[in-house]
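Asks: Using the sequences plus the hints, can you model the full thing?
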Amino acid sequence: MVFTEAEIRKRMQKYGTVYFPKDIRDKEDDLIGIDNNKEILEDFFKSLDKYQEYAQKLQQVRITPSITVLLYGPPGTGKTSLTRALAKKYKVPMCIVDADKLVSPLLGDTLKNMRNVIELAAEIAKENKVFLLFFDELDAIASERSNVHEVGEIKRGVISFLQIIDRIDYEGIPLAIFGATNHQNQLDSAVWRRFTYHIWFGFPHLSIRKEILERFLRRLEKASIEVESSIFHRLLNEEKELLLNFEEMKKKSRKLTLLDYENNLKKETGLLSITVGYTGADIERAIRVSLLKAIQRGVLEYQDLINAMEFVGGTRTHVEQQSVLSRTEGEITEKKISNSSTKKKPRDI
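So the sequence shown is numbered by my numbering: it starts at 1 and just counts up by one.
For the record, the hints were derived by calculation from the structure and aren't laboratory data. Please note that the accuracy of each hint is not assured.
Unchecked claim - When the alpha-carbon atoms are kept at most 25 Å apart in a straight line, the in silico DSS-like pairs for lysine-lysine are as follows: (1) K10 - K22; (2) K266 - K250; (3) K112 - K155; (4) K27 - K91; (5) K155 - K88; (6) K129 - K38; (7) K38 - K89; (8) K112 - K10; (9) K112 - K38; (10) K126 - K88; (11) K50 - K27; (12) K50 - K22; (13) K126 - K91; (14) K27 - K210; (15) K46 - K22; (16) K14 - K112; (17) K27 - K57; (18) K91 - K14; (19) K240 - K255; (20) K10 - K88; (21) K50 - K38; (22) K240 - K210; (23) K210 - K250; (24) K91 - K22; (25) K91 - K50; (26) K22 - K38; (27) K222 - K293; (28) K126 - K50; (29) K50 - K89; (30) K22 - K89; (31) K252 - K240; (32) K210 - K266; (33) K126 - K46; (34) K126 - K89; (35) K88 - K46; (36) K50 - K88; (37) K210 - K293; (38) K46 - K10; (39) K129 - K50; (40) K27 - K293.
Replies: In structure tokens form, the structure reads like this:
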């Protein structure tokens, strides 16, 4: 029995959002600066398209590929968008699983939900030839099992997750399992091993940020929003100056990378230095903020972009601040646990 679109939506919606190719608006060409990742995932989807032709014979000789992909890196760097864009291109239906819909405070429900969603996806994949299950925020359900602060339910969920993946691989089911995380250090080490592909999505470097900015600005011009002409010239000059400085510094230190160079840039020297540690999503959000000023005035000015970028802030800064807060909370929790365990019991009278 082949599942209809309506049946798949109805049965999967309790776990997340279902996308068929016609539902997806993400375009591969809109994603800039991740060409290497595009190439790797493009190969993956091409193989997935042909997988069914060889699945049965491979299973007979007990050599089946693990069609699993782990995408990791800061939020807003294109992990979900690229997956959706390629799923549309290769006509692969998919479901993005919402971790909040899996994790339950009721004992046993998290484990049951994880098992149910994967087994349902496997059933759909077998009947419809292919399906893609995308676990967003994978760390929420597959964190390090040795973490003393994690409840037993999550630990059991991790073990169950690994066992189900193994079974799907063994049976040669054409179910592609993707996991995405912004906190790769929190993932269980066994989870890392179960995923065949590990693909890093990092922050865009200065030339990519320039291209992202220019694309957004040209889109505004198409909407009859005037963009101050000097913005394009200033971006070009900033790029030239920064790259020239980088080459000069590299002569003194051959091990210097563009990433190291950018991390030491002073924030007040222009748009491209201000946006170090910004993702494409951060830049888009700042453009939207600056757009309000442009609508009032009838023209978008360079300073509007500077102000908007500073107002929005970059993902790297937000992540670092959150990391500090998390460490502080963890230290406080550990201190409380330590204090409570070392307290002397009152003597019997």
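Asks: All the hints need checking, so say for each whether the structure fits it.
Replies: Quick rundown of the hints versus the structure:
no. : hint        : in the structure
1   : K10 - K22   : holds, 17 Å
2   : K266 - K250 : holds, 18 Å
3   : K112 - K155 : holds, 13 Å
4   : K27 - K91   : holds, 13 Å
5   : K155 - K88  : violated, 34 Å
6   : K129 - K38  : holds, 24 Å
7   : K38 - K89   : holds, 12 Å
8   : K112 - K10  : holds, 18 Å
9   : K112 - K38  : violated, 34 Å
10  : K126 - K88  : holds, 20 Å
11  : K50 - K27   : holds, 23 Å
12  : K50 - K22   : holds, 21 Å
13  : K126 - K91  : holds, 16 Å
14  : K27 - K210  : holds, 20 Å
15  : K46 - K22   : holds, 19 Å
16  : K14 - K112  : holds, 13 Å
17  : K27 - K57   : violated, 35 Å
18  : K91 - K14   : holds, 23 Å
19  : K240 - K255 : holds, 21 Å
20  : K10 - K88   : holds, 20 Å
21  : K50 - K38   : holds, 19 Å
22  : K240 - K210 : holds, 11 Å
23  : K210 - K250 : holds, 22 Å
24  : K91 - K22   : holds, 9 Å
25  : K91 - K50   : holds, 13 Å
26  : K22 - K38   : holds, 21 Å
27  : K222 - K293 : holds, 17 Å
28  : K126 - K50  : holds, 14 Å
29  : K50 - K89   : holds, 15 Å
30  : K22 - K89   : holds, 10 Å
31  : K252 - K240 : holds, 19 Å
32  : K210 - K266 : holds, 17 Å
33  : K126 - K46  : holds, 18 Å
34  : K126 - K89  : holds, 21 Å
35  : K88 - K46   : holds, 13 Å
36  : K50 - K88   : holds, 16 Å
37  : K210 - K293 : holds, 21 Å
38  : K46 - K10   : violated, 28 Å
39  : K129 - K50  : holds, 10 Å
40  : K27 - K293  : violated, 29 Å
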